[in-house]
Amino acid sequence: MLTFLLRRLLQACFVMIIISVISFAIQDKLGDPVQQMMGMTASSDDRQQLREALGLNDGFVSQYWRFAKGAIQGDLGTSYYFKEPALDVILSKLPATLELAFCAILLVILVATPCGVLAAINPKHILSRLLMFVSSIGLSVPIFIVAILLVYVFSIEHNVAPSFGRGDTTDVFGLWQSGIFNKDGLRHLILPSLSLAIALMPIFVRLIRAEMMEVLQSEYIRFAWSKGLSARRIYFVHALKNTMLPIITVGGIQAGTLVAYTILTETIFQWPGMGYLFMDAVSRVDTPLVAAYLMVVGGIFVVTNTLVDLIYGLVNPTVRLASHGL
Amino acid sequence: MKYPRKELIQPLSGSRWNHIVSGLIGDKLAMLALIVFVFYCLVALLAPLVAPFDMADPQFMDLMQSDIPPRWISGDERFLLGTDAQGRDLLSVILYGTRLSLTIGICAVLIQATLGICIGLMAGYFGGRIDNFLMRCADIQLSFSNMMVAIVFLAIFQSMFGMAYFQQFAMIILILVIGLTEWPLFARTIRASVLAEKQKEYVDAARIMGIGSRRVMFRHILPNTLSPILVIFTIQIANAIVAEAALSFLGLGMPATQPSLGSLISEGFAYMFSGSWWICVIPSVTLIVLIMAMNLLGDWLRDHLNPRTYKD
Amino acid sequence: MNLLSVSHLNVNFQVKKQSLAALIDVSFTLNRGERIAIVGESGAGKSVLGFSIVNLIGKPGYIASGSIKLDNKELTTMNLRQLQEVRGKRIAMIFQDPMMTLNPVLSIGHQLVEIIRSHTKITYKDAKNIAIEKLHKVQIASPETRFNQYPHELSGGMRQRVIIASVLLLNPDIIIADEPTTALDVTIQAEILQLLLAICRDHGVALILISHDLGVVSKVAERTLVMYAGQIVEEGPTLEIINDPQHPYTQGLLNALPQMTLPGHRLNQIQGSMPPLSERPSGCAFHPRCPYATEACKQQQPKFIYSGVSSVACLMIENMIDEFDRDDPVQSDNVLEGER
Numbered sequence: 001m002l003t004f005l006l007r008r009l010l011q012a013c014f015v016m017i018i019i020s021v022i023s024f025a026i027q028d029k030l031g032d033p034v035q036q037m038m039g040m041t042a043s044s045d046d047r048q049q050l051r052e053a054l055g056l057n058d059g060f061v062s063q064y065w066r067f068a069k070g071a072i073q074g075d076l077g078t079s080y081y082f083k084e085p086a087l088d089v090i091l092s093k094l095p096a097t098l099e100l101a102f103c104a105i106l107l108v109i110l111v112a113t114p115c116g117v118l119a120a121i122n123p124k125h126i127l128s129r130l131l132m133f134v135s136s137i138g139l140s141v142p143i144f145i146v147a148i149l150l151v152y153v154f155s156i157e158h159n160v161a162p163s164f165g166r167g168d169t170t171d172v173f174g175l176w177q178s179g180i181f182n183k184d185g186l187r188h189l190i191l192p193s194l195s196l197a198i199a200l201m202p203i204f205v206r207l208i209r210a211e212m213m214e215v216l217q218s219e220y221i222r223f224a225w226s227k228g229l230s231a232r233r234i235y236f237v238h239a240l241k242n243t244m245l246p247i248i249t250v251g252g253i254q255a256g257t258l259v260a261y262t263i264l265t266e267t268i269f270q271w272p273g274m275g276y277l278f279m280d281a282v283s284r285v286d287t288p289l290v291a292a293y294l295m296v297v298g299g300i301f302v303v304t305n306t307l308v309d310l311i312y313g314l315v316n317p318t319v320r321l322a323s324h325g326l
Numbered sequence: 001m002k003y004p005r006k007e008l009i010q011p012l013s014g015s016r017w018n019h020i021v022s023g024l025i026g027d028k029l030a031m032l033a034l035i036v037f038v039f040y041c042l043v044a045l046l047a048p049l050v051a052p053f054d055m056a057d058p059q060f061m062d063l064m065q066s067d068i069p070p071r072w073i074s075g076d077e078r079f080l081l082g083t084d085a086q087g088r089d090l091l092s093v094i095l096y097g098t099r100l101s102l103t104i105g106i107c108a109v110l111i112q113a114t115l116g117i118c119i120g121l122m123a124g125y126f127g128g129r130i131d132n133f134l135m136r137c138a139d140i141q142l143s144f145s146n147m148m149v150a151i152v153f154l155a156i157f158q159s160m161f162g163m164a165y166f167q168q169f170a171m172i173i174l175i176l177v178i179g180l181t182e183w184p185l186f187a188r189t190i191r192a193s194v195l196a197e198k199q200k201e202y203v204d205a206a207r208i209m210g211i212g213s214r215r216v217m218f219r220h221i222l223p224n225t226l227s228p229i230l231v232i233f234t235i236q237i238a239n240a241i242v243a244e245a246a247l248s249f250l251g252l253g254m255p256a257t258q259p260s261l262g263s264l265i266s267e268g269f270a271y272m273f274s275g276s277w278w279i280c281v282i283p284s285v286t287l288i289v290l291i292m293a294m295n296l297l298g299d300w301l302r303d304h305l306n307p308r309t310y311k312d
Numbered sequence: 001m002n003l004l005s006v007s008h009l010n011v012n013f014q015v016k017k018q019s020l021a022a023l024i025d026v027s028f029t030l031n032r033g034e035r036i037a038i039v040g041e042s043g044a045g046k047s048v049l050g051f052s053i054v055n056l057i058g059k060p061g062y063i064a065s066g067s068i069k070l071d072n073k074e075l076t077t078m079n080l081r082q083l084q085e086v087r088g089k090r091i092a093m094i095f096q097d098p099m100m101t102l103n104p105v106l107s108i109g110h111q112l113v114e115i116i117r118s119h120t121k122i123t124y125k126d127a128k129n130i131a132i133e134k135l136h137k138v139q140i141a142s143p144e145t146r147f148n149q150y151p152h153e154l155s156g157g158m159r160q161r162v163i164i165a166s167v168l169l170l171n172p173d174i175i176i177a178d179e180p181t182t183a184l185d186v187t188i189q190a191e192i193l194q195l196l197l198a199i200c201r202d203h204g205v206a207l208i209l210i211s212h213d214l215g216v217v218s219k220v221a222e223r224t225l226v227m228y229a230g231q232i233v234e235e236g237p238t239l240e241i242i243n244d245p246q247h248p249y250t251q252g253l254l255n256a257l258p259q260m261t262l263p264g265h266r267l268n269q270i271q272g273s274m275p276p277l278s279e280r281p282s283g284c285a286f287h288p289r290c291p292y293a294t295e296a297c298k299q300q301q302p303k304f305i306y307s308g309v310s311s312v313a314c315l316m317i318e319n320m321i322d323e324f325d326r327d328d329p330v331q332s333d334n335v336l337e338g339e340r
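In the order they appear, the protein sequences are chains A, B and C. Be aware that the first sequence starts at 1, since it is given in full-length UniProt numbering, and climbs by one per residue. Be aware that the second sequence starts at 1, since it is given in full-length UniProt numbering, and climbs by one per residue. Be aware that the third sequence starts at 1, since it is given in full-length UniProt numbering, and climbs by one per residue.
Everything labelled a hint here was simulated from the structure, so no lab data went into it. Please note that the accuracy of each hint is not assured.
[To be verified] In silico EDC-like cross-links for lysine to aspartate or glutamate, where the CA-CA straight-line distance does not exceed 20 angstroms:
hint, chain 1, residue 1, chain 2, residue 2
1, A, 241, C, 153
2, C, 16, B, 303
3, B, 28, B, 299
4, C, 89, C, 41
5, A, 124, B, 303
6, C, 17, C, 279
7, C, 59, A, 219
8, A, 69, A, 84
9, C, 137, C, 126
10, C, 125, C, 144
11, C, 16, B, 27
12, C, 17, B, 27
13, C, 137, C, 85
14, C, 89, C, 202
15, A, 183, A, 168
16, C, 137, C, 202
17, C, 69, C, 85
18, C, 303, C, 25
19, C, 73, C, 173
20, C, 219, C, 240
21, C, 59, A, 214
[Stated by the list, open to error] Far from chain C, by Cβ distances over 12 angstroms, these chain A residues were calculated:
hint, residue
22, 47
23, 60
24, 75
25, 102
26, 107
27, 110
28, 114
29, 118
30, 136
31, 153
32, 154
33, 158
34, 185
35, 219
36, 224
37, 309
Here the structure is a predicted model, which means the values were calculated and not measured. Beta carbons: idealized from backbone N, C-alpha and C, even for Gly.
Throw the hints in and build the complete structure from the sequences for me.
Encoded structure:
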């Protein structure tokens, strides 16, 4: 277990260093912060002075070193546009994105698992066929079209749920601007999280069904039947636990897709989260913010991947001893 | 009775093409998907001939005629599918858009395939450290999701070269970015096939006869891994087109003057709220039908070429 | 009264709109505490028979007709809930491959306790005690540690012991063992077989042993059924069947044993192979491979008849018995001897 964690940590460090180099290179090479900060009218002397003050005339390595040192202390530079530390700007948008992602994941788990299991237990049933048909259509509809459709039906035609913004938020312990504790915030959450969930759902329904069908064919399930266990126990304890193993792995891989999808969703619904901020920062050439976003997303990545591995280890008893396998 | 699990798709040979063709004729849905795909390809190829208006014509854009609904609603004989916000004939724009989307998709997948096949062959054939390193890279690349990487790179390009310059080369940049980010899928599959093929005697025989490793790889192993490549190729074209559309939708892809299906949808979305649904919906449907056909075809190929699924 | 009686059982497999017969008119009985064996080549329908007793045939298969009675209660018409009462509690099964039979993600203890708790109302602690006691009984060292371990931490022989323990948990009346030793090492095979035999004797449990290995069968079973292509072709006391096989197929099986061949000589195989379900020959299913086959064998389905202490389904034997009844007994005995 310890070697496993150490390996993971090493890999995480490696990935973070790569991301930080990329982030730094962006910050270093992109746009001219001086022009951004002073506008077109400033004299060249003033510019030179500011360049010196910002340390923009130093060599690449020493600049990177400064960047890395700052990054470890939580200083990822100052946003040109907000004139605030980039990390603070991003972290202030983190709750919105996390709530959106969390709701979507919850929806996926709550809906995809029973659907996949149902379709696996009863593959010939008309409902399962319908489910598979819908999910194969869903697989072919890009997320932004799902979102557009939802907006059209629920927002424009029926005006059930708002199509942009986050609505009211509540302050939780002064740390977290939450939208899930009041009605307006929840109403705003419906469409974005739904479209995110719908985009991810078909993959998981199909995957759970395929894995479950394979597991149900196995000898230990037949043995479980021969022991006279109840159907519920067999499906939801014996089969589902085995089905979950590959699903967890794929779930970990999908984390990247989730981040990309949140960017799309947030852009469509103007959801004031990190993805929307990122797209804004790109169009404003606010390089410190872009770089900081990459660092934060990289960090989230590393954390989720490690978490996924840990969960996998908890579910799969064979990992505990044979940790060298990973 | 248990059978050994067959993970790999059987090698492709002359008779396998017959197998595919005869299977296609037997399966109506797959046949339909193929016809749809061929139809799209033809339309894309012949867009300049088929389209009622010429995109290059400066007269093409006429703000006086903007937002005309499709013919069955407006009764306007000139525009079958209506016009968009800039007064362009929607049918012509969609035809050209399909042409662009398909070109980008196919070219990007060609790059993916070339890169993936080379890396996969190398990893599988040489094994050991090279294999380990290449597959680690593939893992990292996969865990970052191609969309994410593409978004970041395009964002960087766009800020680096400025909007105008970027738009000029948008197509090439898109092809490169989508092409360079999804190679691991090909590489992994090829590697798995190569590892399986390597066990077989003919590879040893070829080596004993003193045939160089590159020749063994390309002339002997590669032809036998064609089935999985074909399956991935089909599905990846669909994915690449979706990726392109998504990127264009985010404003990181094709510009409005040279629209792909994605940028058409993106543009149309803004006019949804004012009631001009057709600008958004018709390109969306065009895109969905294309993707669905490709996915169906890919799924069918996989099922058809994979003996493991014969049993079900 | 018989504990278990199977009569005129037909099992079909539904494959693409045509149903193929996997079991044809199978009948046999089992008494309390009796040990019987079902032998035959792979594909003869032994396992299907074993599984159909507790209505657990794999997906395309189904019981087409016939009855299976346990203590005079019909099993074939039971619903799932009633079957769950029978499975595990009255009739328990041991599967072929212990590596595949235990659920890899659940601990041994979980899998044992779960069986007890789903059949009887009992606290976890009591159930655990029973489980550990049974683990002890199947000669597993330090059962308390094993209880918390996972299947992958145990060897194949150990797992089969755990499975036998799990079968014992509810003191069933019948154990159906489907090739319980085939997947194990030869040395362990004997141990497991001894264990199974001892347990059946001690607890008075009836055993249905499914095997292709006549050596194994001869050590354990009192009575043997020989199956070919979904039918029982011969039935009788094990010793009788081994010493005096009547059906040409049984003779072939016995001759094919390596012990029956002199060193350096070719093994005596039965010519040809078992026909697939879809290509069942007409008449006696064994006739294409039978050295004594006549024209009549191709058309006429042999009846199951008594021949001494055994019963057998073979036209040749039928004719001989007919002749025997008519003619001089000594002469026909010579014929039999000569044929063999």
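Original post:
Is the nearest Cβ of chain C still more than 12 angstroms from the Cβ of residue 158 of chain A?
Top reply: holds, 44 angstroms
Original post:
Should the label of residue 118 of chain A as a non-interface residue stand, given a Cβ cut-off of 12 angstroms to chain C?
Top reply: Residue 118 of chain A clear of chain C: closest Cβ-Cβ about 17 angstroms, beyond 12 angstroms.
Original post:
Are residue 73 of chain C and residue 173 of chain C close enough, with their CA atoms no more than 20 angstroms apart?
Top reply: holds, 14 angstroms
Subject >> Restraint status (C-alpha distance of residue 17 of chain C to residue 27 of chain B at most 20 angstroms) >> reply: holds, 19 angstroms
Original post:
Are the Cα atoms of residue 59 of chain C and residue 214 of chain A separated by 20 angstroms or less?
Top reply: holds, 13 angstroms
Original post:
CA of residue 137 of chain C to CA of residue 85 of chain C, is that 20 angstroms or under?
Top reply: With a Cα-Cα distance of about 24 angstroms, the restraint between residue 137 of chain C and residue 85 of chain C is violated, given a limit of 20 angstroms.
Subject >> Beyond 12 angstroms from every chain C Cβ - status for residue 110 of chain A >> reply: holds, 22 angstroms
Original post:
Keeping to a limit of 20 angstroms between CA atoms, is the pair of residue 241 of chain A and residue 153 of chain C held or broken?
Top reply: The given pair, whose Cα atoms are some 19 angstroms apart, holds under the 20 angstroms limit.
Subject >> Outside-interface status for residue 47 of chain A - nearest CB in chain C farther than 12 angstroms >> reply: Residue 47 of chain A is indeed farther than 12 angstroms from all Cβ atoms of chain C, at 64 angstroms.
**OP:** Compare the distance between the alpha carbons of residue 16 of chain C and residue 303 of chain B with 20 angstroms, and conclude whether the hinted pair is satisfied.
**Re:** holds, 18 angstroms
Subject >> Nearest-CB test (12 angstroms) between chain C and residue 60 of chain A >> reply: holds, 51 angstroms
Original post:
Taking 20 angstroms as the top limit, are the C-alpha atoms of residue 183 of chain A and residue 168 of chain A close enough?
Top reply: Distance ~8 angstroms between residue 183 of chain A and residue 168 of chain A Cα, so the pair holds.
Comparing the model with each earlier hint shows violations of hints 4, 13, 35, 36; every other hint is respected.
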